[in-house]
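Q: Each chain is listed here by its residues.
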Amino acid sequence: MKEPDPSLPAATFAELALPLLDQLYNFAHWLTKDASEAEDLVQETYAKALRGFSSFQPGTNFRAWMYRILRNSFLNSRTGLKVMVPIESEEQEPLLPKEEQTPESILLRQADRARVQQGLSELAVHLREILLLCDVEEMSYQEISETLGIPMGTVMSRLHRARRALRKILQQSSEEVRNAV
Amino acid sequence: MPCEQWAEKIDLYVDGELSADDARALSTHLRGCADCANDVLGRVQMKRTVHLAGRTYTPSADLRSKIAASISPKPAPASFAWWKWPALAAAALIVILSVVSFTSFQRRESARREQIYSELADLHVGTLASSAPVDVVSTDRHTVKPWFQGKIPFTFVLPELQGSDFTLLGGRVTYFEQAPAAHLIYKIRQHDISVFIVQEALTPRAAVPPNTSKKLAFNIESWTQEGLRYFVISDTSAADVHRLSEMLKQAK
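Here the protein sequences line up with chains G and A, keeping their order.
Under our numbering, think of the first position of the first sequence as 2, with each following residue one higher.
Under our numbering, think of the first position of the second sequence as 68, with each following residue one higher.
You may find that some hints are simply not true.
[Stated by the list, open to error] For each label pair, taking beta carbons as the anchor points, the in silico distance ranges come out as:
#, chain 1, residue 1, chain 2, residue 2, range
1, G, Ser37, A, Ala101, 24 to 30 angstroms
2, A, Asp89, G, Pro59, 30 to 36 angstroms
3, G, Gln119, A, Ala268, 49 to 55 angstroms
4, G, Glu177, A, Gln257, 22 to 28 angstroms
5, A, Gln317, G, Ser56, 47 to 53 angstroms
6, A, Gln72, G, Arg52, 36 to 42 angstroms
Bear in mind the hints are in silico, worked out from the structure with no lab data behind them.
Positions of the beta carbon are idealized from the N, C-alpha and C atoms, including for glycine.
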């Protein structure tokens, strides 16, 4: 067991970690899709992070470190093991979205926030989480790379794939609404 | 459809991840290509909608206090006098209540700020993507400023740009937070900069963003002066945004 770093007093952890509670809980709820599981996951994250705080390198990204702990805890949970399917190779995928025909502006005119929320919840977890980290938590590609433990190239291609998948869901949903009218 | 050579870079541009050189080149391209400009606008709007839609869940007060209690530094075991306990319990309660109310206040403020950022970014990008971004086209501050008279319920002073690398392109009346505002567009090198001026009294205090910040691919600077609130927003560097802000502050 590593000795706690004396330059990091116990009070520092609370000061750094408490302001992240809202966003970590939001992320946990999106991952688990269940309020009670999200609460358990967040509590487990804080407990693990407090225990491992001595291993945190001062000067590195604390937020990415907390998200990494939360995500790893999720992956090891029963829900996480069920939903995280193996991801096929992404690096070689071209970024150019050749099949896209409907600009976002048209889709958004047709889609309200509730439908975007529904679309997000329908995305595969690995696509949902990267979109949340980029667009909701406004992490840089570098932070996302650190959080998910994937190379920058994979961040870009997975993000691209996530946006394309969401666009497709919104497009289908728009067509369904049009057909129903 | 956007032009083939830029299609791969538009997401990076919207995410603020494009290199400065590429961002400059793409900005230049956007001014002449309606398809790509529309595509960028659409993606900014989609990113903003995902941003708002994704902020859905908030922790319960119960979880908040459990976490706060579990990570608070534990007091060193010492000989506590029994008579101190009620006072300590009261103090702990005050701390917990303060944390809960402070974080909930912060959350509300942060949500309001997000709305402000989004509205500013939307106005900026939407205006530049339109075919007629300004209603008064002039590089002369003595033409642009009087044009606003009678159109908005306040007056303002614009800086002398001679000797600087900023150019005034013109202005338009817009509505920000349901209040009339002056929207001025400046240019530096290949970047457009929007300056929004609104009456301070009509801008809710909680809505005011920090003095400088970066959202999406934009740098924003904001301050108040003589009853007016100024917002300067652009995809150019924070240093450029700051320089123009300082010139506006010094304008006489």
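Q: Are the hints correct? Go through all of them and say.
A: Okay, the hints, checked on the actual structure:
Separated by about 50 angstroms at the C-beta atoms, G/Ser37 and A/Ala101 break the suggested range of 24 to 30 angstroms. For A/Asp89 and G/Pro59, the hinted distance range of 30 to 36 angstroms is satisfied, since their beta carbons lie about 34 angstroms from each other. As the Cβ distance of G/Gln119 to A/Ala268 is approximately 40 angstroms, the hint placing it in 49 to 55 angstroms is violated. Take G/Glu177 and A/Gln257: their Cβ atoms lie about 43 angstroms apart, and the range 22 to 28 angstroms is violated.
Judged by the Cβ atoms, the range 47 to 53 angstroms given for A/Gln317 and G/Ser56 holds: they are separated by roughly 50 angstroms. Checked against the hint of 36 to 42 angstroms, the C-beta distance between A/Gln72 and G/Arg52 comes to roughly 51 angstroms, which is inconsistent with it.
Against the hints set out earlier in the document, violations occur for numbers 1, 3, 4 and 6.
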